[in-house]
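Novice: So you can see what is in the structure, the chains are spelled out below.
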Amino acid sequence: AQTVTQSQPEMSVQEAETVTLSCTYDTSESDYYLFWYKQPPSRQMILVIRQEAYKQQNATENRFSVNFQKAAKSFSLKISDSQLGDAAMYFCAYRGFYGGSQGNLIFGKGTKLSVKP
Amino acid sequence: DTAVSQTPKYLVTQMGNDKSIKCEQNLGHDTMYWYKQDSKKFLKIMFSYNNKELIINETVPNRFSPKSPDKAHLNLHINSLELGDSAVYFCASSQGTGTYSYNSPLHFGNGTRLTVT
Numbered sequence: 001a002q003t004v005t006q007s008q009p010e011m012s013v014q015e016a017e018t019v020t021l022s023c024t025y026d027t028s029e030s031d032y033y034l035f036w037y038k039q040p041p042s043r044q045m046i047l048v049i050r051q052e053a054y055k056q057q058n059a060t061e062n063r064f065s066v067n068f069q070k071a072a073k074s075f076s077l078k079i080s081d082s083q084l085g086d087a088a089m090y091f092c093a094y095r096g097f098y099g100g101s102q103g104n105l106i107f108g109k110g111t112k113l114s115v116k117p
Numbered sequence: 001d002t003a004v005s006q007t008p009k010y011l012v013t014q015m016g017n018d019k020s021i022k023c024e025q026n027l028g029h030d031t032m033y034w035y036k037q038d039s040k041k042f043l044k045i046m047f048s049y050n051n052k053e054l055i056i057n058e059t060v061p062n063r064f065s066p067k068s069p070d071k072a073h074l075n076l077h078i079n080s081l082e083l084g085d086s087a088v089y090f091c092a093s094s095q096g097t098g099t100y101s102y103n104s105p106l107h108f109g110n111g112t113r114l115t116v117t
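So the sequences go chain by chain: A and B.
Going by the working numbering, the first sequence opens with residue 1, and the numbers climb by one from there.
Going by the working numbering, the second sequence opens with residue 1, and the numbers climb by one from there.
Everything labelled a hint here was simulated from the structure, so no lab data went into it.
Small disclaimer: the values here were computed from a predicted structure and weren't measured.
By construction, the Cβ of each residue, glycine as well, lies at the ideal position given by its N, Cα and C atoms.
Treat the hints with care, since some could be wrong.
Here's a subset of chain A near chain B, in silico, CB distances under 10 angstroms, partners left out [claimed, not checked]:
| # | residue |
| --- | --- |
| 1 | T24 |
| 2 | Y25 |
| 3 | T27 |
| 4 | R43 |
| 5 | G110 |
| 6 | K112 |
| 7 | V115 |
Taking CB as the label site, the calculated pair distances span [what the hints assert, rightly or not]:
| # | chain 1 | residue 1 | chain 2 | residue 2 | range |
| --- | --- | --- | --- | --- | --- |
| 8 | B | R113 | A | S114 | 14 to 24 angstroms |
| 9 | A | Y98 | B | S65 | 36 to 46 angstroms |
| 10 | B | L83 | A | E29 | 29 to 39 angstroms |
| 11 | A | S114 | B | Y10 | 22 to 32 angstroms |
Far from chain B by the CB rule (all over 12 angstroms, computed), these chain A residues [said to hold, decoys possible]:
| # | residue |
| --- | --- |
| 12 | S65 |
| 13 | S74 |
| 14 | A93 |
| 15 | G108 |
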């Protein structure tokens, strides 16, 4: 079974600085998808960024970018120019290429990010 | 218009009661899900349903049952509520034919906080 591990329960960053959140996963599949979701105190689950495993190029979305290392099964999230609104729980998630139960999103336990003014 | 909406937002009830949480999506997606987020913020899949196939996480008690009147709705019924059922329940939807999951992120509702006393 696939698993997702986020080894940092909590992280802190100074406003305008850069922070990197770690994520590793375990799978025997060669094709899959990876996601980062953000959950602010409002409880809403917000998609931050996604990556297809067959793409070597790292995904970027404005201030958010990933470092995808397929061989190492690592998928870290970098937040540049951190803003107060970035404070939230961040979840790394894996989704298999095929449907059925493999198509379900599997989450890591999350990293709580605090942003200091 | 809200893409995935679930009601109620909060639900407080006593042990032994039966309750339902409703979920509707207007994204035209063919797959819907229920996730449970426990007190430690861990998100775990309960069910996925794509109008052809219901996939049940084997760890979910049979007191929980999803019911889908049509492709846009997936309600969650819970019988004989227990204290341990207290959690936040998220409904989500995505595109997925059942054979392949595609690079389709899950869109989440805002969650229902269930408190069993």
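Novice: Please go over all the hints and tell whether each is borne out by the structure.
Specialist: Right, here's what the structure says about each hint:
no., hint, in the structure
1, T24, "violated (17 angstroms)"
2, Y25, "violated (15 angstroms)"
3, T27, "violated (13 angstroms)"
4, R43, "holds (5 angstroms)"
5, G110, "holds (5 angstroms)"
6, K112, "holds (8 angstroms)"
7, V115, "violated (18 angstroms)"
8, B:R113 x A:S114: 14 to 24 angstroms, "holds (23 angstroms)"
9, A:Y98 x B:S65: 36 to 46 angstroms, "violated (26 angstroms)"
10, B:L83 x A:E29: 29 to 39 angstroms, "holds (38 angstroms)"
11, A:S114 x B:Y10: 22 to 32 angstroms, "holds (26 angstroms)"
12, S65, "holds (17 angstroms)"
13, S74, "holds (20 angstroms)"
14, A93, "violated (8 angstroms)"
15, G108, "violated (9 angstroms)"
Violated hints, listed in ascending order, are 1, 2, 3, 7, 9, 14, 15; each of the other numbered hints is respected by the structure.
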